[in-house]
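As they're listed, the protein sequences go chains H and F.
Just so we're aligned: the first sequence equals residues -17 to 442 in the working numbering.
Just so we're aligned: the second sequence equals residues -17 to 442 in the working numbering.
Incorrect hints may have been included.
Since the list can't tell identical chains apart, any single copy or any two copies may satisfy a pair.
Stated by the list, open to error - Derived DMTMM-like pairs: lysine to aspartate or glutamate, alpha-carbon spacing no greater than 20 Å straight-line:
| id | residue 1 | residue 2 |
| --- | --- | --- |
| 1 | LYS131 | GLU158 |
| 2 | LYS100 | GLU328 |
| 3 | LYS321 | ASP44 |
| 4 | LYS408 | GLU158 |
| 5 | LYS216 | ASP401 |
| 6 | LYS17 | GLU314 |
| 7 | LYS231 | ASP303 |
Hints listed in this document are in silico derivations from the structure and should not be mistaken for laboratory results.
2 protein chains.
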Amino acid sequence: MDFFFNPNGIAVIGATDNPFKGGYHILNNILGGYKGRVYPVNPKYDSILGLPCYPDISSIPDDFDLAVYFIPASSLPAAIEQCGAKNVKGIIIESAGFAEVGNEGAELQVESIRLARKHHIRLWGPNCMGLLDGHTRNVFSFMYTDEWKTLMTPGNASFVVQSGMLSASFLMMMLERGGMNISKMCSIGNKCDVNETELVDYLASDPHTDVIGLYLESIVEPRRFMEISRSTEKPIVVLKGGRSPSGAKAAMSHTASLAGNDTITNNALKQAGVITVHDFIEMMDFMRGFSMTKGSRNSGGTAIVSFSGGGGIVTTDFLHDSNLPLARLSGETLSAIKKVFPPWMEPANPVDVWPAVERNGIETVYNSVVDALMHDDHVDSLIIHLFSGRMDTEMLKPLAEMKDRLEKPVIAWLIGTGDRFRIIRKELEEMGIPVFEEMGRGVSFLAAVKKHYQGKGQLP
Amino acid sequence: MDFFFNPNGIAVIGATDNPFKGGYHILNNILGGYKGRVYPVNPKYDSILGLPCYPDISSIPDDFDLAVYFIPASSLPAAIEQCGAKNVKGIIIESAGFAEVGNEGAELQVESIRLARKHHIRLWGPNCMGLLDGHTRNVFSFMYTDEWKTLMTPGNASFVVQSGMLSASFLMMMLERGGMNISKMCSIGNKCDVNETELVDYLASDPHTDVIGLYLESIVEPRRFMEISRSTEKPIVVLKGGRSPSGAKAAMSHTASLAGNDTITNNALKQAGVITVHDFIEMMDFMRGFSMTKGSRNSGGTAIVSFSGGGGIVTTDFLHDSNLPLARLSGETLSAIKKVFPPWMEPANPVDVWPAVERNGIETVYNSVVDALMHDDHVDSLIIHLFSGRMDTEMLKPLAEMKDRLEKPVIAWLIGTGDRFRIIRKELEEMGIPVFEEMGRGVSFLAAVKKHYQGKGQLP
Chain H
-17 MDFFFNPNGI AVIGATDNPF KGGYHILNNI LGGYKGRVYP VNPKYDSILG
33 LPCYPDISSI PDDFDLAVYF IPASSLPAAI EQCGAKNVKG IIIESAGFAE
83 VGNEGAELQV ESIRLARKHH IRLWGPNCMG LLDGHTRNVF SFMYTDEWKT
133 LMTPGNASFV VQSGMLSASF LMMMLERGGM NISKMCSIGN KCDVNETELV
183 DYLASDPHTD VIGLYLESIV EPRRFMEISR STEKPIVVLK GGRSPSGAKA
233 AMSHTASLAG NDTITNNALK QAGVITVHDF IEMMDFMRGF SMTKGSRNSG
283 GTAIVSFSGG GGIVTTDFLH DSNLPLARLS GETLSAIKKV FPPWMEPANP
333 VDVWPAVERN GIETVYNSVV DALMHDDHVD SLIIHLFSGR MDTEMLKPLA
383 EMKDRLEKPV IAWLIGTGDR FRIIRKELEE MGIPVFEEMG RGVSFLAAVK
433 KHYQGKGQLP
Chain F
-17 MDFFFNPNGI AVIGATDNPF KGGYHILNNI LGGYKGRVYP VNPKYDSILG
33 LPCYPDISSI PDDFDLAVYF IPASSLPAAI EQCGAKNVKG IIIESAGFAE
83 VGNEGAELQV ESIRLARKHH IRLWGPNCMG LLDGHTRNVF SFMYTDEWKT
133 LMTPGNASFV VQSGMLSASF LMMMLERGGM NISKMCSIGN KCDVNETELV
183 DYLASDPHTD VIGLYLESIV EPRRFMEISR STEKPIVVLK GGRSPSGAKA
233 AMSHTASLAG NDTITNNALK QAGVITVHDF IEMMDFMRGF SMTKGSRNSG
283 GTAIVSFSGG GGIVTTDFLH DSNLPLARLS GETLSAIKKV FPPWMEPANP
333 VDVWPAVERN GIETVYNSVV DALMHDDHVD SLIIHLFSGR MDTEMLKPLA
383 EMKDRLEKPV IAWLIGTGDR FRIIRKELEE MGIPVFEEMG RGVSFLAAVK
433 KHYQGKGQLP
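So here's chain H without its partners, still in its complex pose (with noise of 0.2 Å):
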């Protein structure tokens, strides 16, 4: 499986100097980080970008591990046959046309894959984008733009999808959001032969990937999935797509997936110890949560420090949405905080500081709120409710400290506007404490976590 990420020379089967179609970008987007040799393949050109240019993958001079493949689908048999002779590894198809068009384009794909098993060469895709590495910057996608040359860092989240936007336009804008970097993005298309459960089985040895996240319309090899997930103890976040019948039927002709019955699914994926979710933004949301968060010790309840009475209200109601119970707290913790709280106010989780703020100052308050309910014993997780226009993150240090030490995970609520909004959010993420925007989902995701540190692998 190495040789995908880590190829001894790529080929690039329709490579073109045409910025406006996927065979430019493809070449350019490799160029971009790729350090070993590029070969371009295109009889119709010499030389693109500054690369000599063959005419076919036969007059390459050299032997090489990978080739991308993007011109129409009916060349693969003979690009497969050709690639033999060169000792390819493996093949990276991205154009579309194969089993997910009908019944010629399904014929197209199985006889591609019998060719392949000839000459002992992986297929990856078709009708998909490929994969990018955050750590080796390798990028081999025809993904029109090249953002990631300044959004991409490395990071411990990987992900394998069915569906190029997620690698593709839709990760830009969440490379841009911030607070979560990833190793290895998989964009696998119609998965004829390289699939979710060979990947994840990677990604769980993969030093660089600390939790996985997958967009599936189908499982393959369900079996061996739910094995590999009940035995690895990297999160796992699971959105399948064709949960409905008329959602299913799409995933057909997307990428000829038999989406399957989802209530099956849906159980053996939680008996499995999977995470399921079933909104794009709430996979990421769950992503860059669970890259931040080391452990969570669960013997106790959440308590919920807020400046606004509603705010502590209706996070109480989703901790019981979620039945998380909400920390009874301590004697000892209630003394503390009854020190920095005006006389007529009784302390109580959720922990309103507002009033107490605005006598003693934020500082203050918050690092005896924050030291008192984390050392009670009676916690074992704690919301924070920040607002970005009147807070230094500066005073939340020791806060992130006791976090991971104690294993008790923390996550914020965050509001506040302009570019201080986005420093703030940015240095709280930096700090390992995930941000979100929905109350409703910090919660879910604070369930989520609970969940997963309580130990996964009962058998169904």
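Since the structure of chain H is already known, use the hints to place chain F on it.
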């Protein structure tokens, strides 16, 4: 009720020139918009912010309609008596320390109501942040920021909230996000006299208000509230805080609200045609959407235009979750779409336009597809996925026009990066097409629109 929004003269009891105190901001905010007479009251000053300051209410030379009160709770009864002598019509009490802090405060609140009735003075609050009016620019709030001066423009969304945060920092964040502008924002705190029911009644006949959002911790006149909700054509969106037992307990110490039995409240609200939501951002997403939606004929299903197979599939799954039928496209529509599709691709709903765009360009494809769908009798609503990096909103002008004329609601899911994303989002929303960051949220909103226009008022 109108004297609260358009008073003839205002006294600010507790005005100061210390910008670290709320009394400064009340005065500063009033002076930033209000056009009438203003009387600061504080025995410590001769003048504040260029205005003569009076040692007490009795020293004010003229009568005035409204007092904004921001000194300790215990002085309220005396202030009411003095206001009585000045023919004051209403007092907005922004100080805390009343029923929400226990028995003593509750008694003070009861005594204040008794005195106010004697003098025919209406009380707003206590423990609240007053009001903002997007049309008059009257801002009677101790909000510490004057960002409203640049962010607030006249709109058609009005709010009644039992949370100062929602009428201050959170509101500023939402105004900065754009797409929704406010008519009246009412923060009513403990609502000891003026309550949500009276305000909804007022807003239901306010010509500047088309949609009403409420954050409530209790409903004090539930029967009348339901009657008004049932009889108005305006969408009413309610977020109820204190749905859970622990949330209800917290509501008691926030605004002294008896949150009541959630199941009963929720059913009654639904029967009255109220749209219920659970999260603050969700409330704002719905308010924004309704503020730009004119109607829904509800005579078919939803069409999806997507640039990503995965996006279309996940949206289809959400439609199924919300019991919204996917439109069965007419033969005529399918033929029209086929003309711009590549020959190997069979048109279907969701309509994945990406391969067609690659072939025929974005404008031709979107124009043909959108026109065919909107004129199909089987289509009563449209979800359009857009990528800001590859579009000009000009091409969607016909869609915006058709949406209102044909009463077929349209929502957009937009992805993209940088300023361009925000510009396109702004342009779309100025055209009346609400943009959602979360697909699932957009579909829930569409379900709420369809339900709202299906006719309300069925009796339980």
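Structure-based check of each hint:
1. LYS131 <-> GLU158: Intra 12 Å, inter 29 Å, cutoff 20 Å: intra-copy only.
2. LYS100 <-> GLU328: Cα proximity of LYS100 and GLU328: none, with 76 Å in one copy and 33 Å across.
3. LYS321 <-> ASP44: So LYS321 and ASP44 fail the 20 Å test inside a copy (75 Å) and across (45 Å) alike.
4. LYS408 <-> GLU158: For LYS408 and GLU158, the Cα distance is within 20 Å both inside one copy (11 Å) and across copies (19 Å).
5. LYS216 <-> ASP401: Answer is neither; intra-copy 34 Å and inter-copy 36 Å both fail.
6. LYS17 <-> GLU314: neither (59 Å within a copy, 52 Å between copies)
7. LYS231 <-> ASP303: Cα proximity of LYS231 and ASP303: across copies only (16 Å, versus 33 Å in one copy).
In terms of the numbered hints stated before, the structure departs from hints 2, 3, 5 and 6, listed from lowest to highest.
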